[in-house]
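Participant: Residues are numbered in our numbering as their position in the sequence shown, beginning at 1, plus a constant of 145.
Treat the hints as calculated values from the structure; they're not laboratory data.
It is possible that some hints are incorrect.
[What the hints assert, rightly or not] For each label pair, taking beta carbons as the anchor points, the in silico distance ranges come out as:
hint: 1; residue 1: Ala309; residue 2: Ala207; range: 35 to 41 Å
hint: 2; residue 1: Thr263; residue 2: Ala405; range: 37 to 43 Å
hint: 3; residue 1: Thr162; residue 2: Ala309; range: 53 to 59 Å
hint: 4; residue 1: Thr162; residue 2: Leu223; range: 48 to 54 Å
hint: 5; residue 1: Leu234; residue 2: Gly388; range: 20 to 26 Å
hint: 6; residue 1: Ser161; residue 2: Val428; range: 38 to 44 Å
hint: 7; residue 1: Val292; residue 2: Phe182; range: 53 to 59 Å
hint: 8; residue 1: Ser161; residue 2: Trp219; range: 51 to 57 Å
hint: 9; residue 1: Ile210; residue 2: Phe178; range: 39 to 45 Å
[Said to hold, decoys possible] Pairs of lysine to any residue, SDA-like flavour, derived with a Cα cap of 25 Å:
hint: 10; residue 1: Lys404; residue 2: Val416
hint: 11; residue 1: Lys278; residue 2: Leu261
hint: 12; residue 1: Lys404; residue 2: Ile210
hint: 13; residue 1: Lys336; residue 2: Val356
hint: 14; residue 1: Lys404; residue 2: Arg224
hint: 15; residue 1: Lys336; residue 2: Lys278
hint: 16; residue 1: Lys278; residue 2: Tyr380
hint: 17; residue 1: Lys278; residue 2: Arg224
hint: 18; residue 1: Lys336; residue 2: Pro359
hint: 19; residue 1: Lys336; residue 2: Thr239
hint: 20; residue 1: Lys404; residue 2: Phe249
hint: 21; residue 1: Lys404; residue 2: Val429
hint: 22; residue 1: Lys278; residue 2: Pro375
hint: 23; residue 1: Lys336; residue 2: Ala367
hint: 24; residue 1: Lys278; residue 2: Leu226
hint: 25; residue 1: Lys278; residue 2: Thr263
hint: 26; residue 1: Lys404; residue 2: Leu427
hint: 27; residue 1: Lys278; residue 2: Ala390
Glycine included, C-beta positions come from ideal geometry on N, C-alpha and C.
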Amino acid sequence: MSTIVARQPLPESRSSTGFRLAMLLPGGLVTFFLILFALGLVVFLALRGNDGSLLGAGFTFANFITVASDPLYWTVTLRSLAIAGLVTLATVVTAYPVAYYLAFHAGRRRGLLLFLVTLPFWTSYLLRVFAWKIVLAYNGVLNSALVESGIWSEPTLAFLNTPAAVVVTLAHAYAPFAILPIYVALDTIPKSLLEAASDLGARPFTSFRRVVLPNSMPGVLAAALVVFVPTVGDYVTPALVGGPASTMIGSLIQAQFGKANDWPFGAALAVAVMLVILAVVLVVRSADRRFGSRT
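Kindly generate the complete structure, drawing on both the sequences and the hints.
Facilitator: Shown next, in the form of structure tokens:
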């Protein structure tokens with residue numbers, strides 16, 4: 146009886162190794178200069194004192210002490226987290242049904258519907274924000290419709306320049322970022338699992354609760370993270386559709402780098418926000434691992 150000897154993998158040639166390094170070099174340079182170098186520069190600025198120069202003078206922790214001790218920045222940071230949390234909740238809740246329909250019921254229309262979902266990416270973010278400003282303004286579309294229908298007798302200022310306006314605008318702007326990862330997670334669920342649940346007598350809602358929802362949670366958590374992280378530091382939308390009660394930490398950071406001309410303190414605020422976001426990311430990753438181990 147002959148013995149079958151497994152072939153040993155051929156050693157990797159120097160040319161293939163060089164090719165791989167050459168292919169990794171552009172991405173490595175981009176990662177270093179656009180991410181690591183920029184992050185290091187922000188941390189460096191945060192530890193400098195403000196003397197009116199570009200890079201500051203000396204090294205000090207006074208900026209971080211001010212951020213930690215001044216209740217103003219804690220209030221604005223908590224407000225930013227609350228608004229970002231509401232935006233994330235509203236976006237995920239409204240995006241899930243759309244993604245579910247795309248994954249299980251779209252059929253031949255799936256390609257067209259995915260195109261329509263990504264269509265907002267073709268327009269400027271500022272244009273979408275200005276569109277909502279027109280809708281929510283005192284003489285805007287919403288007030289005009291309510292007055293014309295007789296529901297209200299006169300326009301109201303309750304829509305624009307409120308935290309609710311910021312939540313609605315950001316939820317609309319980031320909806321595609323939530324729909325796509327949830328759709329990918331739903332589309333990868335084997336249809337045999339749903340068929341097995343149906344054969345075992347599970348009703349549609351039971352199949353959704355016991356099969357679809359747990360298996361789609363990694364996509365839901367990814368969508369929540371993709372929406373939450375950028376909305377915490379957003380400053381354009383609160384400036385255009387929000388009022389003083391909607392001021393977010395991104396607005397304060399932008400003011401430090403702009404009118405205040407205090408780059409070191411602005412960098413310290415940015416680092417503090419990054420640490421808060423990092424804590425949220427770690428919590429989401431832990432939840433993702435738990436759902437992954439269960440499924």
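Participant: Please go over all the hints and tell whether each is borne out by the structure.
Facilitator: Evaluated hints:
1. Separated by about 37 Å at the C-beta atoms, Ala309 and Ala207 satisfy the suggested range of 35 to 41 Å.
2. Separation of Thr263 from Ala405 is about 38 Å and conforms to the stated range, judged on CB atoms against 37 to 43 Å.
3. Between Thr162 and Ala309 the beta carbons are some 57 Å apart, a value that agrees with the proposed interval 53 to 59 Å.
4. Look at Thr162 against Leu223: about 51 Å separates their beta carbons, and that is inside 48 to 54 Å.
5. In this structure the supplied range 20 to 26 Å holds for Leu234 paired with Gly388, their Cβ-Cβ distance being about 22 Å.
6. Judged by the Cβ atoms, the range 38 to 44 Å given for Ser161 and Val428 holds: they are separated by roughly 41 Å.
7. At roughly 54 Å, the beta carbons of Val292 and Phe182 sit within the given window of 53 to 59 Å.
8. Checked against the hint of 51 to 57 Å, the pair Ser161 and Trp219 passes, with Cβ atoms roughly 54 Å apart.
9. The hinted range of 39 to 45 Å is not satisfied by Ile210 and Phe178, whose Cβ atoms lie roughly 31 Å apart.
10. Simply put, Lys404 and Val416 have alpha-carbon atoms about 20 Å apart, close enough for the 25 Å limit, and the pair holds.
11. This hinted pair checks out: Lys278 and Leu261 have alpha carbons roughly 23 Å apart, not beyond 25 Å.
12. Between the alpha carbons of Lys404 and Ile210 the distance comes to roughly 22 Å, so the proposed pair stays at or under 25 Å and holds.
13. Taking the CA atoms of Lys336 and Val356, the gap is near 10 Å; set against the 25 Å cutoff, the hint holds.
14. Taking the CA atoms of Lys404 and Arg224, the gap is near 22 Å; set against the 25 Å cutoff, the hint holds.
15. The straight-line distance between the Cα atoms of Lys336 and Lys278 is roughly 43 Å, outside the 25 Å bound, and the hint therefore fails.
16. Restraint check for Lys278 and Tyr380: satisfied, since their Cα atoms lie roughly 15 Å apart, inside the 25 Å limit.
17. With a C-alpha separation of about 21 Å, the suggested pairing of Lys278 with Arg224 holds against the 25 Å cut-off.
18. Of the pairs offered as hints, the one joining Lys336 and Pro359 holds, with about 14 Å between alpha carbons and a cut-off of 25 Å not exceeded.
19. Taking the CA atoms of Lys336 and Thr239, the gap is about 24 Å. The hint holds against a cut of 25 Å.
20. Taken as a hint, the Lys404 and Phe249 pair is broken in the structure, with Cα atoms around 51 Å apart against an allowance of 25 Å.
21. Pair hint Lys404 plus Val429 does not hold up; C-alpha atoms about 36 Å apart against a cutoff of 25 Å.
22. Note on Lys278 and Pro375: the hinted pairing holds, with a Cα-Cα distance of about 20 Å set against a maximum of 25 Å.
23. At roughly 22 Å between alpha-carbon atoms, Lys336 and Ala367 fall within 25 Å of each other, so this suggested pair holds.
24. A C-alpha spacing of about 23 Å is found between Lys278 and Leu226, which places the hinted pair at or below 25 Å, so the restraint holds.
25. At most 25 Å may separate the alpha-carbon atoms for a hinted pair to count; Lys278 and Thr263 meet this at roughly 22 Å.
26. At roughly 34 Å between alpha-carbon atoms, Lys404 and Leu427 are farther apart than 25 Å, so this suggested pair is violated.
27. Taking the CA atoms of Lys278 and Ala390, the gap is about 17 Å. The hint holds against a cut of 25 Å.
Hints 9, 15, 20, 21 and 26, counting from the list given before, are not met by this structure.
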